[in-house]
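*Asks:* Okay, here's what each chain looks like letter by letter:
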Amino acid sequence: MSGNVDDFPCKITAREMVGEDILSIRVRCPSIAESIYPGQFVLLRDPSWGMDPLLMRPFAVSAVHGEDLELLIKLIGRGTSLLAERSVGDDLVVRGPMGRGFSSPKSSPIYVAGALGAAPLLFARQVFGAGRFVLGVPGEGWGPFVDHLEARCPEIEVFSDDGSIGVRGTALDGLEKGESSPIYACGPMGMMAAMVKLEPVSCQVSLESRMACGIGACCGCVIETVQGKRRVCADGPVFNLEEVVWNA
Amino acid sequence: MLDLSVNIGSVPLRSPVIIASGTWGYDESLWREDLLRHVGAVCSKAITESPKDGNPGHRIWETPCGLLNSIGLQNTGIDDFVDEKVPKLKSYGVPIIANVSMEDEIGLVRMVERLVEVADCVDAIELNVSCPNVDKGCMSWGVSPVLTSQAVSMVREIWKGPLWVKMTPQAPDPEGVARAAEDSGADALVVANTWLGMAIDVDGKKAVFDRVVAGFSGPAVFPMALRLVWQVSAAVSIPVIGCGGVSSGRDLLSMIMAGATAVELGTGMFRDIRLPENILREVKAYMTKEKVEDLRSLVGIAKR
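If you read the protein sequences in the order shown, they are chains E and L.
Mapping the first sequence onto the working numbering, position 120 (from 1) lands on 120, and the numbers just tick up by one.
Mapping the second sequence onto the working numbering, position 169 (from 1) lands on 417, and the numbers just tick up by one.
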């Protein structure tokens, strides 16, 4: 794997809820901030957890601000809910940068995000430069999240399933079949599987999987690829669209 | 000068902390001197005769203070281990324990024959008759004293080097299995592997794992592993290696006082990659405070 397995103590420098269950958090970690590459991720743990929750939690980095990492976290379980209770100045432990990130584009890219999948793409945009940024969200309730993204990415094109925000439809409705610009995508597995039908010339996808170790040891996070099972944490999380077996 | 070195039969270890099978990868970034300085030995991921893809579906489920896994022995097979992995692992300077997962007799014999070819690079075989996450072989051998004895005898006939047996906590008669392993030529016992558990996806109204059952590990199992170490170490005269939920120096000391000579760290490594170092710091502080110079003097002390 290409990541760094070291843990670093860090402090929360900013936090903001950008939706009912979406946390934007900044943690100060100079060594990771200076070395992390778009698409790589970090593991996070709160020292106050003790043994419960037991494992570190993986998160994409959505931006780097000087010595700070910015993360967008959806509150989906006990670990993320506990993280949302922490305040500015509290201590966390961060490990990273982990995994393999995106390859840099040879021409202006298109970023295709499904909901929270926007996180690694915002960081990619920060490093690789602006291009089309297409976002799909379920609809009502995602307004504050969309506002948060529009503030940093004014060119964003928004689609929603129910048409309550932006244009009715999915993020894929913003793409042409056989798109020749390099695509960077992150979102639900169904969204990325559907991208195959669009036959883009070049597409890298960032995947998510339930992880235990995050360091390539346990093989708990594998996905099916044309080369066999690959570890999302160490062989990914970024893969080429065509190497993933989507109907596995 | 505090002495934390131990001997597992004829295998000298600089530290009583061993990294358990399946919890340390082969990626070079993990084999750094500063991470392994405090480690006595590293057990390989479980090796099978042929490459295995492991189990489909969910493989990981966290519980309070514990972890369920259903990896299913994903590995690249014995030939890749001997030809590709061993030469690299040897260069890292840490004793390597080859965890051999038994599926059937023919496969076991072939695996051990291949390991004989690199016997000078492999410090011990850890015979795994305890993985609960596969349908074929493995734990079904380890729950039976007779089958454990057969398996150990088969390996012993071919492999003259150190031989450890990794037991299953599912065995109804752990002392019987332990004695059978000892009588058949095992040099040490690893007590134990994961416990059988399961999880339900309440939203989806179904079992989380495709195989329904999975292996349960982590701090939650420590008291049960400690009890097994106490029981088994009283039943045999070969060294016992405690394995199950060890997460602190006090856990290690408890295992030693219950009769273990060393411990294996598994799930705890996922949470704290410097757990060996942190555990030993705590153990050294205890030894200094209690004026204990040699850790070996504490083995089984709680029973005396």
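Source of the hints: derived by calculation from the structure; they are not laboratory data.
Each residue gets a CB set at the ideal place from its N, CA and C atoms; glycine is no exception.
Be aware that a few hints might be false.
To be verified - Cβ pair distances, simulated, as ranges: (1) L:Arg544 <-> E:Ser87: 11 to 21 Å; (2) E:Glu243 <-> L:Glu530: 54 to 64 Å; (3) L:Asp282 <-> E:Gly50: 22 to 32 Å; (4) L:Lys532 <-> E:Trp246: 48 to 58 Å; (5) L:Arg285 <-> E:Gly163: 52 to 62 Å; (6) L:Pro471 <-> E:Val196: 44 to 54 Å; (7) E:Pro30 <-> L:Gln398: 15 to 25 Å.
Unchecked claim - Part of the chain E face toward chain L, derived, beta carbon under 7 Å: (8) Val18; (9) Pro47; (10) Trp49; (11) Trp246.
Unchecked claim - Far from chain E by the CB rule (all over 10 Å, computed), these chain L residues: (12) Arg358; (13) Gly433; (14) Ala455.
*Asks:* All the hints need checking, so say for each whether the structure fits it.
*Replies:* Status of each hint after checking the structure:
no. : hint                              : in the structure
1   : L:Arg544 <-> E:Ser87: 11 to 21 Å  : violated (48 Å)
2   : E:Glu243 <-> L:Glu530: 54 to 64 Å : violated (45 Å)
3   : L:Asp282 <-> E:Gly50: 22 to 32 Å  : holds (26 Å)
4   : L:Lys532 <-> E:Trp246: 48 to 58 Å : holds (52 Å)
5   : L:Arg285 <-> E:Gly163: 52 to 62 Å : holds (60 Å)
6   : L:Pro471 <-> E:Val196: 44 to 54 Å : holds (50 Å)
7   : E:Pro30 <-> L:Gln398: 15 to 25 Å  : violated (58 Å)
8   : Val18                             : violated (25 Å)
9   : Pro47                             : violated (11 Å)
10  : Trp49                             : violated (9 Å)
11  : Trp246                            : violated (15 Å)
12  : Arg358                            : holds (22 Å)
13  : Gly433                            : holds (31 Å)
14  : Ala455                            : holds (15 Å)
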